[in-house]
Structures are given as structure tokens and as C-alpha cells.
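Protein chains in written order, with the working numbering: chain A, 4 to 493; chain B, 4 to 493.
Hint data in this document are derived by calculation from the structure and do not stem from the laboratory.
Note that the coordinates shown come from a computational prediction; the quantities given were computed from them, not determined experimentally.
No residue lacks a Cβ here, since even glycine has one placed at the ideal position from N, Cα and C.
Treat each hint with caution, since some may be false.
Stated by the list, open to error - With the C-beta cut set under 8 Å, the calculated list includes, among others, these residues of chain A facing chain B:
{"hint": "1", "residue": "31"}
{"hint": "2", "residue": "61"}
{"hint": "3", "residue": "72"}
{"hint": "4", "residue": "73"}
{"hint": "5", "residue": "113"}
{"hint": "6", "residue": "122"}
{"hint": "7", "residue": "132"}
{"hint": "8", "residue": "138"}
{"hint": "9", "residue": "150"}
{"hint": "10", "residue": "151"}
{"hint": "11", "residue": "162"}
{"hint": "12", "residue": "195"}
{"hint": "13", "residue": "237"}
{"hint": "14", "residue": "238"}
{"hint": "15", "residue": "241"}
{"hint": "16", "residue": "310"}
Number of protein chains: 2
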Amino acid sequence: MATETVSNTAAGLTNAVKGLFVNGKESPFFPEEPEAPILKTEIPGPQSKEAIAHLDKVFDTRSLNMMANYHNSVGNYIADLDGNVLLDVYAQIASIPVGYSNPSLLAAATSPDMASALINRPALGNFPQHDWAEILETGILKVAPKGLNQVFTATAGSDANELAYKAAFMWRRQQERGGAHVEWSPEELSTTMNNQSPGSPNLSIMSFKSGFHGRLFGSLSTTRSKPVHKMDMPAFDWPQAPFPHLKYPLEKHAEENAQEEARCLEEAERIITTFHSPVAAIIVEPVQSEGGDNHASPAFFIGLRDITKKHKVLMIVDEVQTGVGATGKFWAHEHWNMQDPPDMVTFSKKAQAAGYYFGNPDLRPNKAYRQFNTWMGDPARALLFRAIINEIERLNLVEQTAKTGDYLYAGLEKLAAKYPDEILNLRGKGQGTFIAFDSPRRDDVLKKAKTVGVNIGGSGERAVRLRPMLIFQKHHADILLEAFDKILQS
Amino acid sequence: MATETVSNTAAGLTNAVKGLFVNGKESPFFPEEPEAPILKTEIPGPQSKEAIAHLDKVFDTRSLNMMANYHNSVGNYIADLDGNVLLDVYAQIASIPVGYSNPSLLAAATSPDMASALINRPALGNFPQHDWAEILETGILKVAPKGLNQVFTATAGSDANELAYKAAFMWRRQQERGGAHVEWSPEELSTTMNNQSPGSPNLSIMSFKSGFHGRLFGSLSTTRSKPVHKMDMPAFDWPQAPFPHLKYPLEKHAEENAQEEARCLEEAERIITTFHSPVAAIIVEPVQSEGGDNHASPAFFIGLRDITKKHKVLMIVDEVQTGVGATGKFWAHEHWNMQDPPDMVTFSKKAQAAGYYFGNPDLRPNKAYRQFNTWMGDPARALLFRAIINEIERLNLVEQTAKTGDYLYAGLEKLAAKYPDEILNLRGKGQGTFIAFDSPRRDDVLKKAKTVGVNIGGSGERAVRLRPMLIFQKHHADILLEAFDKILQS
Numbered sequence: 004m005a006t007e008t009v010s011n012t013a014a015g016l017t018n019a020v021k022g023l024f025v026n027g028k029e030s031p032f033f034p035e036e037p038e039a040p041i042l043k044t045e046i047p048g049p050q051s052k053e054a055i056a057h058l059d060k061v062f063d064t065r066s067l068n069m070m071a072n073y074h075n076s077v078g079n080y081i082a083d084l085d086g087n088v089l090l091d092v093y094a095q096i097a098s099i100p101v102g103y104s105n106p107s108l109l110a111a112a113t114s115p116d117m118a119s120a121l122i123n124r125p126a127l128g129n130f131p132q133h134d135w136a137e138i139l140e141t142g143i144l145k146v147a148p149k150g151l152n153q154v155f156t157a158t159a160g161s162d163a164n165e166l167a168y169k170a171a172f173m174w175r176r177q178q179e180r181g182g183a184h185v186e187w188s189p190e191e192l193s194t195t196m197n198n199q200s201p202g203s204p205n206l207s208i209m210s211f212k213s214g215f216h217g218r219l220f221g222s223l224s225t226t227r228s229k230p231v232h233k234m235d236m237p238a239f240d241w242p243q244a245p246f247p248h249l250k251y252p253l254e255k256h257a258e259e260n261a262q263e264e265a266r267c268l269e270e271a272e273r274i275i276t277t278f279h280s281p282v283a284a285i286i287v288e289p290v291q292s293e294g295g296d297n298h299a300s301p302a303f304f305i306g307l308r309d310i311t312k313k314h315k316v317l318m319i320v321d322e323v324q325t326g327v328g329a330t331g332k333f334w335a336h337e338h339w340n341m342q343d344p345p346d347m348v349t350f351s352k353k354a355q356a357a358g359y360y361f362g363n364p365d366l367r368p369n370k371a372y373r374q375f376n377t378w379m380g381d382p383a384r385a386l387l388f389r390a391i392i393n394e395i396e397r398l399n400l401v402e403q404t405a406k407t408g409d410y411l412y413a414g415l416e417k418l419a420a421k422y423p424d425e426i427l428n429l430r431g432k433g434q435g436t437f438i439a440f441d442s443p444r445r446d447d448v449l450k451k452a453k454t455v456g457v458n459i460g461g462s463g464e465r466a467v468r469l470r471p472m473l474i475f476q477k478h479h480a481d482i483l484l485e486a487f488d489k490i491l492q493s
Numbered sequence: 004m005a006t007e008t009v010s011n012t013a014a015g016l017t018n019a020v021k022g023l024f025v026n027g028k029e030s031p032f033f034p035e036e037p038e039a040p041i042l043k044t045e046i047p048g049p050q051s052k053e054a055i056a057h058l059d060k061v062f063d064t065r066s067l068n069m070m071a072n073y074h075n076s077v078g079n080y081i082a083d084l085d086g087n088v089l090l091d092v093y094a095q096i097a098s099i100p101v102g103y104s105n106p107s108l109l110a111a112a113t114s115p116d117m118a119s120a121l122i123n124r125p126a127l128g129n130f131p132q133h134d135w136a137e138i139l140e141t142g143i144l145k146v147a148p149k150g151l152n153q154v155f156t157a158t159a160g161s162d163a164n165e166l167a168y169k170a171a172f173m174w175r176r177q178q179e180r181g182g183a184h185v186e187w188s189p190e191e192l193s194t195t196m197n198n199q200s201p202g203s204p205n206l207s208i209m210s211f212k213s214g215f216h217g218r219l220f221g222s223l224s225t226t227r228s229k230p231v232h233k234m235d236m237p238a239f240d241w242p243q244a245p246f247p248h249l250k251y252p253l254e255k256h257a258e259e260n261a262q263e264e265a266r267c268l269e270e271a272e273r274i275i276t277t278f279h280s281p282v283a284a285i286i287v288e289p290v291q292s293e294g295g296d297n298h299a300s301p302a303f304f305i306g307l308r309d310i311t312k313k314h315k316v317l318m319i320v321d322e323v324q325t326g327v328g329a330t331g332k333f334w335a336h337e338h339w340n341m342q343d344p345p346d347m348v349t350f351s352k353k354a355q356a357a358g359y360y361f362g363n364p365d366l367r368p369n370k371a372y373r374q375f376n377t378w379m380g381d382p383a384r385a386l387l388f389r390a391i392i393n394e395i396e397r398l399n400l401v402e403q404t405a406k407t408g409d410y411l412y413a414g415l416e417k418l419a420a421k422y423p424d425e426i427l428n429l430r431g432k433g434q435g436t437f438i439a440f441d442s443p444r445r446d447d448v449l450k451k452a453k454t455v456g457v458n459i460g461g462s463g464e465r466a467v468r469l470r471p472m473l474i475f476q477k478h479h480a481d482i483l484l485e486a487f488d489k490i491l492q493s
């Protein structure tokens with residue numbers, strides 16, 4: 004039954020996606036979407052409760068937010084098991100790019116190339132497929148950030164970051180050795196097998212307070228979001244710099260904020276020049292996302308680039324959550340208009356693929372098999388990312404998101420004026436739909452949102468974080484704004 | 004063109020897979036397979052060379068072994084771009100389970116459930132899909148190792164191991180604190196945000212010399228295979244125990260080998276009781292695979308289980324490469340007939356999915372969001388693993404692999420007698436097709452194998468490692484044995 008639904012939906016949607024405006028009136032990208040959320044039961048309803056109890060026997064459900072039926076989910080709307088259909092501005096923790104059951108993605112997912120990629124998964128480093136170059140060039144590399152023309156594919160954001168760290172450590176030691184041609188010493192060869200320096204050196208990656216870069220052991224050592232992410236895990240003794248705490252509205256606190264950013268830059272430089280384990284690279288998010296939607300100005304990031312250049316430290320920009328259009332640019336760091344590109348940019352989530360971009364040929368290690376693993380990414384996911392990129396271009400979704408974001412932000416500003424104690428530190432102006440605000444009763448707001456038909460996520464201690472998909476339009480923004488009005492009235 | 008081929012092949016193959024024997028004569032599982040390797044050009048041929056040069060512009064090709072055309076690959080045979088078709092006993096570094104372009108997998112890969120899983124990838128911990136319990140129960144959990152009824156899904160072998168380490172560290176600290184109900188102290192809460200003990204404790208995972216457990220920072224700290232895997236990477240100061248160096252043939256060195264295993268067990272216990280960072284868990288492969296196909300007896304592993312039980316250390320069995328049938332048991336550790344199950348068993352590769360199994364409810368952390376990440380596995384891959392399990396059952400492939408392995412081993416024994424200086428330390432008897440031998444001119448043997456139509460891999464410094472798929476049959480073994488005879492004659 005359920006499996007039929009997706010086919011029918013898909014058939015109905017194929018070629019049905021319309022242009023943005025018809026006679027000046029906004030026309031939906033997904034005509035099959037409901038016009039508004041549908042609420043049939045409490046959430047979770049009886050069918051969901053039964054299914055959750057069943058799942059709990061084999062899978063930890065304590066973090067479960069909502070059990071979904073994706074066959075019935077379409078566009079911006081997520082369906083549950085009880086007939087409820089919610090406007091979804093959380094989008095699988097900022098991961099669904101172009102809508103549930105997107106017909107263009109469905110076409111890619113049901114292509115013979117996809118079938119072969121799924122059932123014949125290659126060890127890409129050893130046995131790449133004949134069209135791997137083409138898949139990269141017409142997909143992932145087509146959207147490579149300016150100045151970066153190489154990609155190393157991975158499987159998730161956390162390992163994408165760790166692979167970037169590995170590239171940084173190899174690069175650093177190569178500089179220290181005096182070049183790619185210098186062979187490893189007998190001491191290095193023996194000590195590394197014993198996890199000791201100099202073969203396994205005491206180098207570090209500097210990250211920022213409240214940053215999030217993943218939960219494997221290397222990435223977790225750079226993650227500084229919450230104790231629940233880190234407790235009980237051995238960690239590398241790596242340094243953290245302060246991330247600016249900006250005051251809102253920005254225009255009222257320009258001088259104070261500039262001082263705060265200057266203080267953070269100074270401290271970052273102090274750590275880089277004095278930390279006991281030399282800093283090979285820094286990693287920074289354009290907007291600290293899990294950590295509570297903390298923004299900084301382009302000047303701050305350009306300042307970081309200057310400091311890293313000055314001290315020959317690499318700069319890794321973690322675009323796992325910010326990348327792929329949501330900020331109104333394809334990559335959030337484009338907002339900085341930085342002269343020198345970052346050394347590496349990592350991606351995952353909305354790409355439905357993962358990895359890191361780089362430009363400098365020295366970041367290709369000096370020997371084969373240094374940066375290597377069995378799968379080295381997944382052609383199936385690369386094919387899907389290509390379809391996502393095509394869909395974004397076809398519907399002009401980055402520009403569209405910039406516009407819708409401005410519209411949504413303006414609406415939230417009005418609500419903030421109406422509920423000054425409920426919507427605090429509204430932020431993300433000019434950053435597409437990558438918008439957040441603080442709420443003194445955040446968890447309650449998120450819970451109530453479901454009762455008015457909207458699925459919203461939080462971040463940090465008290466941020467309401469908006470992460471709509473790129474197909475979020477003004478009429479969806481209107482539904483969301485109305486929902487906030489209802490929630491905050493109560 | 005190429006995409007048509009896979010459809011045609013698939014259509015031709017559907018329902019064409021035959022039973023094992025017809026009138027006592029072995030009948031191929033894949034009637035569409037060539038009867039023998041096809042050699043048209045040198046490898047790489049002109050078309051491959053051109054494609055490799057193209058790929059090298061955007062992707063590191065120094066580890067490239069062979070560029071493949073998977074649309075034209077079928078069953079045990081891998082095709083390149085120049086019309087060459089090789090018998091593949093390397094199988095994407097031991098990762099292809101039931102043959103290229105397998106029609107049963109193709110059916111799963113082209114199902115509406117798969118399409119939805121691909122285009123609607125959920126954040127499983129927050130928004131699991133309605134049929135996730137069923138997918139687990141009818142798939143991954145159906146083959147759970149004895150004594151383990153829970154699974155945590157992941158994306159690759161390396162992160163599967165790291166997630167198991169995380170479970171071990173949380174478990175250990177919970178014991179030390181006095182139970183799941185004991186809250187974290189203010190000191191733990193503040194120190195963990197600074198990567199310092201006690202919040203980020205100095206606990207360790209003990210692994211074994213020449214073991215391989217992955218290449219992310221935690222897993223790499225337990226990997227002890229080769230310097231090229233570890234060089235320049237900061238590593239945790241974790242201990243390694245010796246792994247037995249057995250002498251072959253086993254029956255001639257029984258006493259010596261038993262002494263060697265006793266020595267290694269003694270040293271393992273000494274480390275566990277004295278190492279400066281308490282050992283939370285040990286991780287061990289049933290056969291050290293990347294490290295050179297190093298085997299140990301069931302008695303050794305049972306001894307390890309006894310030591311770990313005695314000292315309340317967890318035992319993680321890394322079945323990333325040994326799991327899913329190749330040893331003639333679904334899980335290689337079944338060969339041990341161990342009374343107590345291991346605490347955790349990790350998997351990836353042939354499962355085309357990844358994660359770890361566990362049985363003890365205490366290995367579910369005491370709070371939500373402690374063992375968590377955005378994706379927590381991939382329903383698309385879980386669906387594929389279910390199809391693989393069904394195919395293994397339908398064709399009785401585990402038993403089949405045990406039998407074919409015995410046949411292959413007997414043939415290699417004869418060759419070893421014929422070429423006593425070329426085939427050394429033949430090992431893997433009774434371990435299905437998970438067979439290896441040492442070769443004094445290993446790299447040359449692997450290279451020459453292609454000229455006689457066979458794709459073979461190596462491991463460690465000088466092992467020829469055989470990793471046929473589970474659909475490898477006696478007539479394929481004959482081709483492989485004949486190929487070895489040709490190579491070794493030269």
C-alpha cells in the first residue's frame with residue numbers, strides 16, 4: 004500500500020513542478036503538496052505510539068522526535084503514521100535539500116546508473132568506475148567553492164572533517180620535513196606503530212567554543228557544543244578559541260560587536276602562536292549551527308584567514324550544515340567575499356553525500372594509500388548530489404531561498420516586535436532561511452509547534468533554529484509565521 | 004549504451020539463477036557469466052589509460068588498481084573499459100557479497116522502498132521511518148550473532164568500530180560512577196568541554212599488533228598494520244598486545260603454536276592489568292585481514308574472552324572483513340564455539356551496510372543523544388543488506404562457501420607441494436574461501452595474475468589474500484588454481 008503511494012505521487016509530480024510565479028502570484032514548486040498542514044490526531048497518535056513501542060525493542064527511541072511515513076511525505080511536508088502532515092522546517096536536521104519525494108531525485112534514484120552504483124559498490128580508490136570522473140565533474144565539482152578544484156569523497160560529515168584533518172597533518176609534517184621528497188626516518192617509522200611522536204606527532208586542530216564538527220574521536224575533540232556530546236570520551240588535548248558573542252540587533256551594537264570579534268581574533272592568534280601542540284589547522288563553521296546559531300561578521304572570518312596565512316596554519320571551513328544553498332549562497336562562506344579561498348571546505352547533509360574540497364596540490368599526500376579507505380565515498384550518493392545540483396539550478400533555488408529568507412526574516416521581525424519577551428536575538432538577516440532566535444521557553448515552543456502543524460528544531464541551549472528546505476516559498480513562510488503567532492499567543 | 008547493458012543483463016539474469024547441481028554437475032549461479040576470463044588487451048588497455056588520465060585531473064589515481072565498467076561486470080567477473088573481463092577474487096577489498104549485477108539485489112535496488120529511502124534519507128534517531136523496525140528485524144537483526152539482539156547502524160567499518168568504542172567508554176565510566184542513575188559531576192561537566200579528565204577520561208582500547216580497525220582518529224589509534232596507514236596522525240596513547248605468529252602447517256607445529264598463543268594471552272592480561280590508561284575494551288579480528296591474514300586458534304580467542312570477563316573489560320570482535328559468510332560461517336567468530344558471546348561485533352564491507360551488534364542493555368547509554376548522529380546509518384543500505392541476506396539464504400551460500408573453500412584449499416595444497424618456494428604458509432583451512440599464503444615475490448604474482456585473467460589482492464607485507472565472493476564455485480576455483488599454476492611456472 005505504502006509503496007504504491009510513492010510511485011503514484013512521483014508519477015503525479017513528474018513534470019508537474021511549476022515555475023515560481025504565474026501572473027504575479029506565487030505558484031508552488033510541488034503542486035501535490037497540501038495547502039496547509041493536516042492535523043488528525045495528537046502527535047504521536049495511536050498508530051505512531053504502537054510503532055514506536057515496537058521499534059523500541061530493537062532501536063533506541065529516546066531521541067525519537069516523530070515517526071514518519073516518507074512514502075506519504077511530499078515537498079515541504081512530512082507525514083506521520085496517523086494521517087498528520089506537518090510543514091517541516093527542520094528537514095532531517097537540515098539535510099533534505101529539495102523536498103520529500105522530489106520527482107527529479109526520484110528519476111535519478113530509479114535510473115540504471117543508480118541501480119548499478121547500489122549493487123556494484125566499488126572500492127573507489129582501487130577500482131573506480133568508468134564514469135567516476137564524469138560524475139564528479141558534472142556533479143560535486145561543478146559546485147566546488149571558488150579556488151578549490153579537487154574533492155575527496157567521504158560518507159558523512161564527521162568523517163569528512165576527519166579526512167580534512169588528516170590532510171592538514173600530512174601537509175604540516177611535509178613542510179616540517181622539508182618537502183614531499185623527504186623520506187620518513189626510521190624513528191618516525193617505528194614510533195608511529197606505537198602511537199608515539201614523532202611518527203604520531205603532537206599536532207593539533209584548533210576549533211571554537213560551542214562549535215560542532217562531528218562525534219567520532221578526532222572530530223569530537225574539536226566539537227565544543229554540549230557535555231552530552233563529549234562525556235566519557237577520551238579526547239585529544241587540542242585548543243579552542245572563543246567564538247564571538249554578538250549582540251542583537253547588530254546595527255545597535257556595531258562597535259561592541261567589532262570589539263568582541265577583535266578580542267576573539269587576538270585570542271585565536273595567541274593560541275596559534277603559543278599552544279603546546281602546534282596547530283596544523285583551524286576548523287570553523289560559517290554559522291555555528293548545533294551550538295545555537297552563532298553568527299560572526301565577514302570581517303571576523305577574513306581576520307581568521309589573515310592569521311592562518313600569517314602563521315602557515317590551514318583553514319578548514321565546515322559547511323556540513325551551512326552548505327548547499329540555505330544561506331542564500333551555495334556556500335555560506337561566499338558571503339565573506341574573502342580574497343584567499345579557505346584551504347579546505349567540508350560538506351555533507353543537504354549534499355546527501357560527503358567529503359572535502361581543496362585546491363592546493365600539496366594537500367594530495369606525497370604517497371598513495373595515505374589518504375585512503377575501502378569505499379572513499381559512494382557513487383550512489385554522488386549521483387544523487389548531482390541530481391540535487393541540477394534541481395537547484397533548474398528552479399534557481401539559491402536565489403529563491405535568499406528572497407524567501409528575506410521575506411521570512413521581515414515577518415519574524417514584526418513578530419519579535421509583537422512578542423519582545425518571546426523572540427530574542429533574532430539573527431540570520433540576509434542569510435537566506437538560515438534564521439534563528441532565542442526563546443526563553445524554547446522546548447515548549449518546539450513542542451507546541453506540532454500542535455499547530457509545524458515541525459521545528461532547536462539548537463544550543465535556547466535557540467529555535469529554522470532549517471527549511473530550498474523549496475520553501477513565501478506561502479510556506481506565511482504558514483510558519485502564523486504558526487509562531489498562535490504558539491506565542493498561548 | 005552502458006546503461007542499457009545493465010538493464011539487459013539484469014533482465015536476462017532475473018529468474019535465470021540456477022540451483023547448484025544439475026544431474027550431479029555443478030551448474031553456475033550466474034549463467035550469464037563468461038565461462039572463462041576474456042583478455043583483449045594489456046591491462047590497462049588504451050581506453051582505460053585515457054580514462055585514468057582524465058580521472059587523475061580530479062581524483063588521486065595513484066592507488067588505482069584497475070578502472071572498471073560495472074555495467075558489464077557480472078557474477079564473479081569484473082569488466083574493464085577495453086573488453087577485458089577478469090575473474091575477481093578480490094571483490095572490492097572483500098566487499099562484494101553475491102556477485103556483480105546480482106539480479107536479486109537489482110530487484111531490491113529498483114524497488115519503490117529503495118527509491119524512497121534514497122531521496123528521503125531520514126535522520127534515523129529523530130525521525131525514523133514507519134518500517135525501520137521491520138527492516139531491522141527482517142534484515143540486519145535476522146543474522147545477529149548469537150547472544151546479541153541489538154544493533155546500532157553506522158555508515159562504514161571505521162565509524163562502526165568507533166561507535167563501539169564509544170559504547171565501551173560510556174559503559175566503563177558508568178560502572179566507575181556506580182550505575183546509570185548517577186549524575187555527572189560539575190567537574191566532569193566542565194572538564195569534558197576542555198577535553199580533559201575526568202570528563203574526557205584517559206581510558207584506552209587495547210588492540211593487537213598488525214591489526215587493522217579503520218583510519219579515523221580513534222580507530223586508527225587501534226590500527227597497527229603499516230606506517231603508511233598511521234604516519235603523521237596524532238594518536239591516542241593506547242596499548243597493543245602481540246598477536247600470535249603461528250607456524251604452518253599447523254599440525255606440524257601444534258605445541259610451538261600453543262606456546263605462542265599462551266605467551267600472547269599472558270601479555271594481553273599483563274597489559275590489561277598494568278597499562279597506565281585503564282583498558283575499557285579490546286578489539287580483535289577473527290583473522291587479521293589487512294595485516295596479512297594472520298590466524299589464531301579458537302582457544303586463543305576463548306582465552307581472550309576469559310581474560311576480558313575476569314577483568315571486566317569488554318570484548319569487541321571486528322568482523323568488518325571476516326563477516327557475512329566468507330569463512331564458511333556467517334560470522335567468523337562462530338568457529339570458536341565460545342560459551343559467552345563477545346560484547347559487541349562490528350560489521351561492514353559485504354554487508355554493504357555498517358554498524359555494531361550488542362546484547363547487554365547496559366550498552367545502551369543512560370541518556371538519549373549520547374550515542375547519536377544525524378544519519379545513524381542508512382535505510383537504503385539496510386534494505387540492500389536484507390536483500391543480500393535473502394540471497395545468501397536462497398542459494399545456501401554460507402555452506403556452499405565452506406565446501407568451495409575446502410575444494411580450493413585442497414587444490415592450493417597440491418600447488419604448494421609443486422611450488423614449495425612460491426606458496427608459503429598456506430592458511431585458512433576450514434575457513435571457507437578466506438584463504439591466504441605468503442609469496443616471496445607477491446607484488447609480481449598479483450600483477451601477473453591480471454595477464455592470466457584473474458584479479459587478486461594482497462595483504463600485509465607478502466600475503467596473497469583470496470577474497471572471492473560467496474557465489475564463487477568449484478569451476479571458478481579450477482580457473483583460479485590453473486591461473487596460479489601458470490603464474491608460478493613463469
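Checking against the hints above, which ones are violated?
1, 8, 9, 10 and 16
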